[in-house]
Amino acid sequence: MVLPKQLQGNLMPSEVNFLGENELVTILPRYSMKKMQLIGTKIPALRAMRREQVPLWVALILKSQDKCSIVPPKWLNVVYLKDKYDEEVRNPNQFSSLPWHWLEISKILLARAADDLTDPSHQLRSILQDLREIRLVKSRKGLKELNESNIVLNGLSLLEINELRPFVLTVMNKLRQLHDTNNEQTAADTNGNDSDGMADDDDYDDEGAYV
Amino acid sequence: MGNYYDLDDILADGEKVPCRFNMTVPGLGYLEGNPGKQIHKDSKVELPFWLAQILAICVLQEESGQSFVDIAAPEAVSTKVLNAIKTSSTSVDLHKLAPNYYKFIERWCSMYSDPDATNTVMQMLKERAFEINNYASNLTKGINNEFLYSLDEFEKKLYKQTSESNKQMRNWLRD
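Heads up: the sequence lines are chains Y and F, in that order.
Counted the way the working numbering counts, the first sequence spans residues 4 to 214.
Counted the way the working numbering counts, the second sequence spans residues 354 to 528.
Worth flagging that the hints you see were computed from the coordinates, not collected in a lab.
Mixed in with the good hints, there may be bad ones.
Which stretches of chain Y does chain F cover? Using the computed rule of at least three CB atoms under 8 Å from a CB of chain F, they are [stated by the list, open to error]:
#: 1; stretch: 36-46
#: 2; stretch: 77-90
To give a feel for the contact side, a few chain F residues facing chain Y, derived at Cβ under 7 Å [claimed, not checked]:
#: 3; residue: Gly389
#: 4; residue: Ser463
#: 5; residue: Met475
Note that the Cβ used here is the ideal one computed from N, Cα and C, for glycine as well.
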């Protein structure tokens, strides 16, 4: 493929950001608009001052034309996030559950619709930064527990997983290859042939190529 | 076993291992610097792993089970090095031991089952990977650090990938 290797198995943050723009948000339109059927999404008929759910990218277009205001998601306020932060501090071995796209959506809304948010943006920014840092420290710490077979990512969001992916996959692949050398040997000892082991190994190398 | 097109695989196969010949072989004298002569029984030569492996697997006579050469443990898997790894995995200079250390260990361990060595190396990989991640996520933490010079080829690749992904993330957060 023409894509550089590190982009083949992994998304760039900007691509994750793009995916996040497909999330639904509630808006308060100021104009009426007929409903629209697009290939992927349906945009409901908009009536002034009637709340509707539309994809974030539509909301941003309307917002930039001053045709709507965005109702901030229920998790995007200082009280809720502070709560989550305390939860993170209380459970040092667990991630609190945040939306799958919390980093992207909060960043977009802070940049493009700061006037619609309920709390001052500098407060939101600082609590979001705190949350991100504490979760980053936790995931770093978790990397010590890597093994060759599985990894628990409960509570992490897409962007956070995406950030870890190149590192985690490479290390786990290597650990598995090292681990397999033991199994291969025992398989060869018991069966008297190691053709199975060799075939498996080829598969693994194919996988490895995408990482 | 490895990937045919992977240069590191080829280099790992070329890693030298000490061997002892169990018989006199005519014409192989060039291996110890005597072109055209024979190589004597019991002479010790360093052979690349791909050659040593074949010679050590091929059995001379069915009943004796003896092969052309006996392979001695190279430095990379010697007790001394394994102990050093157990003591402090991050201060071992892997690049000096073997530029493709992990690949070589894979090959060595799938030939001679050595769970102890495998476990030691896996533990080392975990510890070193953690350290690599630390360096990769922190640009200010000295690029010229000694630890970064001791990485083997696989670890260098890991370092590059990780710092690349961290850089992208930082750039995205900034703009």
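Problem - Met475 of chain F as chain Y interface residue, shortest Cβ-Cβ below 7 Å - result: holds, 5 Å
Exercise for the section: Identify whether the interface hint at Gly389 of chain F stands, where standing means a beta carbon of chain Y within less than 7 Å of its own. Expected result: violated, 38 Å
Exercise for the section: Mind taking a look at whether chain F covers the stretch 77-90 of chain Y? Criterion is 3 or more residues with CB to CB distance under 8 Å. Expected result: Since 0 is below three, the answer is violated.
Handout entry: chain Y contact restraint on Ser463 of chain F - CB to CB distance below 7 Å
Key = Constraint on Ser463 of chain F satisfied, holds at 4 Å.
Practice task
Apply the coverage criterion to the stretch 36-46 of chain Y and chain F: a residue qualifies when its Cβ sits closer than 8 Å to a Cβ of the chain, and three qualifying residues are needed.
Solution key: violated (count 0)
Checked against the numbered hints given earlier, the structure breaks hints 1, 2 and 3 and satisfies all the rest.
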